[in-house]
Each structure stands twice: as structure tokens, then as C-alpha cells.
Amino acid sequence: MKAASKDERETLADFAERYRTRASSRTFDEIERAVIGEAWGANGFTTVDQARRLLLKLDLRPKRRLLDVGSGCGWPGLFLARETGCDVVVSDLPLDGLEMANRRAESEGLKMLGAVASSARHFPFAEGSFDAIVHVDVIC
Amino acid sequence: MLRACRRLLRPEGQIAFATIAIAPDLSKKDHRRAARMGPRSVSSTRPIGDLVGAAGFEEVEVTDVTKDFVETLRAWFKAFNTNEAELRSLLGERFDERQRGRRDMIDATGEGLLQRLVVDARAPSD
Chain L
1 MKAASKDERE
11 TLADFAERYR
21 TRASSRTFDE
31 IERAVIGEAW
41 GANGFTTVDQ
51 ARRLLLKLDL
61 RPKRRLLDVG
71 SGCGWPGLFL
81 ARETGCDVVV
91 SDLPLDGLEM
101 ANRRAESEGL
111 KMLGAVASSA
121 RHFPFAEGSF
131 DAIVHVDVIC
Chain G
1 MLRACRRLLR
11 PEGQIAFATI
21 AIAPDLSKKD
31 HRRAARMGPR
41 SVSSTRPIGD
51 LVGAAGFEEV
61 EVTDVTKDFV
71 ETLRAWFKAF
81 NTNEAELRSL
91 LGERFDERQR
101 GRRDMIDATG
111 EGLLQRLVVD
121 ARAPSD
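Here the protein sequences come in this chain order: L and G. Just so we're aligned: the first sequence equals residues 1 to 140 in my numbering. Just so we're aligned: the second sequence equals residues 1 to 126 in my numbering.
The hints are simulated quantities; they were obtained by calculation from the structure and are not laboratory data. Hints are not guaranteed to be accurate.
Claimed, not checked - Taking beta-carbon pairs under 8 Å as the criterion, some of the chain L residues facing chain G (in silico): (1) 31; (2) 45; (3) 48; (4) 50; (5) 53; (6) 59; (7) 67; (8) 107; (9) 110; (10) 118; (11) 120; (12) 123; (13) 130; (14) 132; (15) 135.
For each residue, glycine too, the CB sits at the ideal point set by N, CA and C.
Build the full structure now, drawing on both the sequences and the hints.
The following block contains the structure:
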């Protein structure tokens with residue numbers, strides 16, 4: 001992995017702290033279910049209904065390969081894989097989130113091809129590797 | 001990042017994303033306010049559809065979901081206040097930081113400074 005920028009390092013530290021705090025109380029999950037519709041360790045603004053709207057745009061189905069950029073703990077990439085049967089790769093910088101995504105994929109029996117620690121500036125994938133890409137609340 | 005995504009997609013592959021953007025056609029003063037009130041790194045002056053097109057995507061569609069965004073922001077804000085005692089003990093000063101951030105974004109959208117957009121597009125066929 002190439003060196004992270006200052007902004008990426010700050011984001012990394014912020015999210016690492018968020019994941020640690022989050023693991024200390026189930027209240028965060030309860031709030032997320034009330035606000036988003038499910039608990040995925042997300043703290044953004046994409047609800048389950050909005051994730052389903054993204055799904056309709058992506059033509060996902062079994063054997064299709066989806067990349068979730070800035071996936072955090074796997075939202076919405078793992079959710080979309082669960083809903084459609086597609087294969088998914090999740091990518092983000094904070095390792096804590098990727099580890100949580102790994103555990104979630106295992107526990108739900110989802111076909112996750114990989115959890116990749118990478119910034120969006122330095123993806124370690126070959127050209128044309130994916131059928132679809134999703135990201136939410138990652139600034140372009 | 002959009003160019004990197006374009007490179008990773010197969011021909012006719014699809015991208016869909018939700019993002020927060022500064023509203024178009026703001027004065028310089030309001031643009032600065034929007035950047036300050038929005039999430040970190042929100043600062044582009046170009047419309048998101050133009051950025052996606054410039055990255056090589058086709059069939060770009062942009063849907064404004066700001067109304068849903070405000071509802072979600074309000075729901076986060078209310079849920080945190082409902083659980084304030086526990087969350088304050090866990091988060092300390094960050095409780096106030098997070099709530100202030102949400103309040104700023106609620107105000108900024110109300111003033112027309114920020115938008116939340118869902119964008120979808122397709123990679124070219126060759």
C-alpha cells in the first residue's frame with residue numbers, strides 16, 4: 001500500500017477510533033437499525049431503501065463482481081451481495097472496518113472475494129476487473 | 001477517484017454512488033460556508049455530473065435525494081439526543097462534535113448550500 005496523504009491519515013485515525021468506540025456498546029447498533037434500517041457499523045446517510053435504489057442501477061446478480069469503495073464495515077457492499085448473490089470486494093483504509101466486514105461476510109455466508117486495504121487513489125486491481133462499483137458518502 | 005473507478009470497470013460496467021455536494025451557482029462567500037458546514041473534503045466547484053462525464057463515463061444520471069438526506073440527518077440527531085447520557089459517556093467531547101456536524105448540515109441543506117446526490121453511470125462499450 002502506498003503512503004497515505006495527510007487527509008487519509010486523519011480519516012484513518014478518526015474511523016479507527018469510531019470502530020473502537022462502536023464495539024463498546026450495542027446502543028450504536030440499535031440507533032443504526034432505527035435510522036438506517038439495519039446495523040452494519042455505518043454512520044452515514046444511506047438507508048436500506050436508498051441502498052436498494054443503488055442496487056437497481058447496478059444490474060447485480062450471481063457471478064457479477066462488485067467493488068465497494070470506502071466500504072467501512074461492508075456497507076452497502078455486503079448488503080448488496082446478500083440481496084443479489086453477486087461477488088463482492090470491499091476496500092477501505094481502516095483495517096478495523098475491513099476485519100468487521102470479514103467477520104460479517106463469514107457469519108452470513110456471503111461470497112466476499114476480498115477485503116482490501118487501499119485508498120481510492122491507489123487501487124491494486126487490474127483494469128476491467130469489476131462489473132460494477134458502488135460507494136456511498138465517499139467524497140469524489 | 002472517478003477516473004480510477006472508470007479504469008477498473010469492464011466495458012459497459014456500471015457505477016452508482018451517493019455523495020454530498022456543494023450546491024451549484026453559489027457566491028464565493030456561500031461556497032466557503034457550504035464547505036465549512038459540510039463533511040471534510042467537500043469543496044468541488046464543478047457539478048458532479050460534469051466530473052463523472054469528464055472521468056469517461058456515459059449515460060450519467062444524477063438524482064437529488066437531499067430531502068431524504070435531511071430526514072436521515074434529523075433521525076441521527078434525534079437518536080443521539082435520546083441516548084445522550086450513554087453516548088456522552090462513551091464519546092466525550094466527540095458527542096458534541098458529531099451533533100454539531102449534523103446540525104450544521106441540516107442548516108446548510110435548509111439554506112440550499114449542500115445537496116445529497118445519487119449518481120449512476122456506465123463505462124463506454126470499448
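Verification of the supplied hints:
1. Taking 8 Å as the C-beta contact cut-off toward chain G, the hint placing residue 31 of chain L at the interface holds, the least distance being around 4 Å.
2. The interface hint given for residue 45 of chain L holds, since its Cβ lies 5 Å from the closest Cβ of chain G, which is under the 8 Å cut-off.
3. Here the hint on residue 48 of chain L is broken, as its CB sits about 11 Å from the closest CB of chain G, past 8 Å.
4. Here the hint on residue 50 of chain L is kept, as its CB sits about 7 Å from the closest CB of chain G, short of 8 Å.
5. The criterion of a C-beta within 8 Å of any C-beta in chain G is met by residue 53 of chain L, whose closest approach is roughly 7 Å, and the hint holds.
6. Satisfaction of the interface hint for residue 59 of chain L is found here, the shortest Cβ-Cβ separation to chain G being roughly 6 Å, below the 8 Å cut-off.
7. For residue 67 of chain L, the shortest C-beta to C-beta distance to chain G is roughly 6 Å, which falls under 8 Å, so the interface hint holds.
8. Interface restraint check for residue 107 of chain L: the shortest CB-CB distance to chain G comes to about 24 Å, outside 8 Å, so the restraint is violated.
9. Using the Cβ-Cβ criterion of 8 Å, the hint placing residue 110 of chain L at the interface with chain G is not satisfied: the shortest such distance is roughly 19 Å.
10. Against a cut-off of 8 Å between C-beta atoms, the interface hint on residue 118 of chain L is violated, since the closest Cβ of chain G lies about 10 Å away.
11. Annotation: residue 120 of chain L was flagged as interfacial toward chain G, and the flag holds, the nearest CB pair being 4 Å apart, inside 8 Å.
12. Residue-level restraint check for residue 123 of chain L holds (minimum Cβ-Cβ distance to chain G is 5 Å; threshold 8 Å).
13. Checking residue 130 of chain L against chain G: minimum C-beta separation of about 5 Å stays under 8 Å; hint holds.
14. Interface hint at residue 132 of chain L: satisfied, since its Cβ lies 5 Å from the closest Cβ of chain G, which is below the 8 Å cut-off.
15. For the restraint placing residue 135 of chain L at the interface with chain G, the shortest Cβ-Cβ distance is roughly 5 Å, inside the 8 Å limit, so the hint holds.
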